[in-house]
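A.B. asks: Fit chain B to the known structure of chain A by using the hints.
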Amino acid sequence: EAGVVQSPRYKIIEKKQPVAFWCNPISGHNTLYWYLQNLGQGPELLIRYENEEAVDDSQLPKDRFSAERLKGVDSTLKIQPAELGDSAVYLCASSLSSGRYPDTQYFGPGTRLTVL
Amino acid sequence: AQSVAQPEDQVNVAEGNPLTVKCTYSVSGNPYLFWYVQYPNRGLQFLLKYITGDNLVKGSYGFEAEFNKSQTSFHLKKPSALVSDSALYFCAVRDSRGSTLGRLYFGRGTQLTVWP
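From first to last, the protein sequence lines stand for chains A and B.
Just so we're aligned, residue 1 is where the first sequence starts under this note's numbering, counting upward by one.
Just so we're aligned, residue 117 is where the second sequence starts under this note's numbering, counting upward by one.
One chain only, chain A, in its complex shape:
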C-alpha cells in the first residue's frame, strides 16, 4: 500500500513570494491533516479535513495561509506571502477517520520550506 505522498520535498523561496504544497493521502483515508514542524519541536496541527470539510482550522494563520481539499482526496496548502518565520517542515498525514475511535495517523515525508 502506498503511503502519504507530498511534493515538493524541498522548497526555497524569497520572502513575500507565494508557495504551495501538495499532499495525496493513503487511498481510502477520509481524514487529512496538515502539521507544521519547527526545528527542534514536535509537529503542531494546522488544519484537519473530514472529506472536503475543514473541521479543525483554529490554528491556521488565515491571514496568509489557506488550504483546500477538493473532491475529498488530494489537498493543497498555500502560503501567500511567505515570511522568514515560515521556514519549517510541513507534514501531511491521513487516517481512516478522526471520530471517537483513535485511528492511527500516517505521515508523509514532509516539505522542507526555506524562506530567504
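A few of these clues could be false.
[What the hints assert, rightly or not] Derived DEER-like restraints, expressed as beta-carbon distance ranges:
| # | chain 1 | residue 1 | chain 2 | residue 2 | range |
| --- | --- | --- | --- | --- | --- |
| 1 | B | Asn184 | A | Lys15 | 30 to 36 Å |
| 2 | B | Arg213 | A | Tyr10 | 35 to 41 Å |
| 3 | A | Glu68 | B | Ser144 | 27 to 33 Å |
| 4 | A | Ser27 | B | Ser215 | 26 to 32 Å |
| 5 | B | Ser142 | A | Gln59 | 17 to 23 Å |
| 6 | A | Ala2 | B | Trp231 | 34 to 40 Å |
| 7 | B | Asn184 | A | Ala2 | 33 to 39 Å |
| 8 | A | Arg64 | B | Pro156 | 27 to 33 Å |
| 9 | B | Lys185 | A | Leu116 | 46 to 52 Å |
[As the list claims (entries may be wrong)] Cross-link-like lysine-lysine pairs, in silico, DSBU-like; alpha carbons within 35 Å at most:
| # | chain 1 | residue 1 | chain 2 | residue 2 |
| --- | --- | --- | --- | --- |
| 10 | B | Lys165 | A | Lys62 |
| 11 | A | Lys11 | A | Lys71 |
| 12 | B | Lys165 | A | Lys71 |
| 13 | A | Lys78 | B | Lys165 |
| 14 | B | Lys138 | B | Lys185 |
Hints listed in this document are in silico derivations from the structure and should not be mistaken for laboratory results.
Where is the CB? At the ideal position from N, CA and C, for every residue including glycine.
C.D. replies: Frame of chain A, contents of chain B only:
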C-alpha cells in the same frame, strides 16, 4: 488542555543494552497515546499506540511501551538497542473531545543515539 512532556532531549545507550525513552501526559478524557519515530529528512513513522486494555503495548521493530495511569506516563522501551534505532522519537496524545477531536499533541522529541 492536552499536553505531552518528554523530559529528556537526548538519550544515549550502548548497542545491546535496554533503552527507555520517557513520556508523561496530561489529558481530559480517555488517554489515547502514540509513539512515532523520525529519521533525518523523513516523515514520522508510527511505532505503537495505547487505546485501552493491556498496559504493555507491543509495536514495530521490537519496541514496546508501558502505560501507567497513576503516573500519567507512557514510556517507550526496547530490551536490546540497535545502532539503527538511532533517531528522533516523539510521544503524542490524541484529543478525544469537542471540535479538536482527533488532534495529536506532540512532545518536543527525544534524540536517541545508540553507539556501537
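A.B. asks: All hints, please: hold or fail.
C.D. replies: Checked hints:
| no. | hint | in the structure |
| --- | --- | --- |
| 1 | B/Asn184 x A/Lys15: 30 to 36 Å | violated (47 Å) |
| 2 | B/Arg213 x A/Tyr10: 35 to 41 Å | holds (37 Å) |
| 3 | A/Glu68 x B/Ser144: 27 to 33 Å | holds (31 Å) |
| 4 | A/Ser27 x B/Ser215: 26 to 32 Å | holds (27 Å) |
| 5 | B/Ser142 x A/Gln59: 17 to 23 Å | holds (19 Å) |
| 6 | A/Ala2 x B/Trp231: 34 to 40 Å | holds (35 Å) |
| 7 | B/Asn184 x A/Ala2: 33 to 39 Å | holds (37 Å) |
| 8 | A/Arg64 x B/Pro156: 27 to 33 Å | holds (29 Å) |
| 9 | B/Lys185 x A/Leu116: 46 to 52 Å | holds (48 Å) |
| 10 | B/Lys165 x A/Lys62 | holds (32 Å) |
| 11 | A/Lys11 x A/Lys71 | holds (26 Å) |
| 12 | B/Lys165 x A/Lys71 | holds (30 Å) |
| 13 | A/Lys78 x B/Lys165 | holds (32 Å) |
| 14 | B/Lys138 x B/Lys185 | holds (14 Å) |
Checked against the numbered hints given earlier, this structure breaks only hint 1.
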